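Whole structure, please, built from the sequences with the hints as guidance.
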Amino acid sequence: MGTDIILYDVVLRGNGRHFQAGADLNWVKANRELSHKENVAISMDTTNAVRGLNEFPKPTVALVHGGCFGGGVGMVASCDVVIASEDALFSITEARWGLVAGPILPQLTARMGVARVRRYALSCERFHARRAMEIGLVDEVCPNGGLDEVVAPIIEALLMSDPEASAETKQHILELAGQIIDDPKARKLATGHAAGD
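Sequential numbering of the sequence shown, starting at 1, is according to this note's numbering.
Hints in this document: simulated from the structure, not taken from any laboratory. Small disclaimer: the values here were computed from a predicted structure and weren't measured. It is possible that part of the hints are untrue.
[Claimed, not checked] Estimated spans, in silico, between C-beta atoms of each pair:
#1 126 to 173: 28 to 34 Å
#2 119 to 48: 25 to 31 Å
#3 98 to 126: 40 to 46 Å
#4 96 to 33: 17 to 23 Å
#5 155 to 178: 24 to 30 Å
#6 136 to 168: 21 to 27 Å
#7 32 to 175: 20 to 26 Å
#8 155 to 38: 36 to 42 Å
#9 143 to 35: 46 to 52 Å
#10 38 to 183: 28 to 34 Å
#11 34 to 143: 39 to 45 Å
#12 161 to 187: 30 to 36 Å
#13 175 to 45: 23 to 29 Å
#14 165 to 26: 42 to 48 Å
[Unchecked claim] Cut-off 27 Å, straight-line C-alpha distance, at most; resulting in silico cross-link-like pairs (DSS-like, lysine-lysine):
#15 37 to 188
#16 37 to 185
#17 188 to 170
#18 58 to 185
#19 185 to 170
#20 170 to 37
Heads up, the beta-carbon is just placed ideally off N, CA and C, and yes, glycines get one too.
Written as structure tokens, this is what we have:
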């Protein structure tokens with residue numbers, strides 16, 4: 001007899017020293033040799049992954065430690081709850097490597113606001129967990145090693161909510177905020193991000 005698994009929430013965390021250290025630069029350089037069509041397909045995968053996480057109908061939580069760069073910052077911005085430890089370090093790095101951060105800009109803008117995204121996406125500056133909280137990317141900062149302790153009551157609270165009501169509430173919030181990215185807009189974001197453009 002099979003077991004039904006009901007997914008109530010999703011917790012993203014890094015496995016190792018960093019949450020997400022960014023794309024492999026050799027891979028980025030190799031992609032420049034691919035055709036425009038192949039590059040757009042790669043960028044669509046990235047765009048759809050972030051878009052899917054942002055619109056996922058269950059609560060999503062990011063637990064960030066160590067480095068969180070490039071697309072990792074977009075993943076964080078796509079989550080409903082973000083907790084970072086004191087050692088977390090963030091940077092929107094795409095422009096430094098000749099890329100446009102298109103796939104993650106809608107989520108970054110929703111989380112951080114236009115002015116701050118303009119600064120950090122253009123300068124590619126690194127910023128620490130406390131600054132990330134000041135600018136809205138992170139909801140809470142905890143001591144190093146304290147992520148599990150801090151997130152436990154939040155997950156407990158999320159699990160107390162009705163899954164269908166939570167999903168519908170999240171959908172309404174995203175619609176009201178203009179955060180549902182349709183296919184034409186996703187393609188435009190991906191096309192601008194494609195390496196070599």
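Violating hint indices (sorted, rising): Of the numbered hints given earlier, those the structure breaks are 3, 7, 10, 20, listed in rising order.
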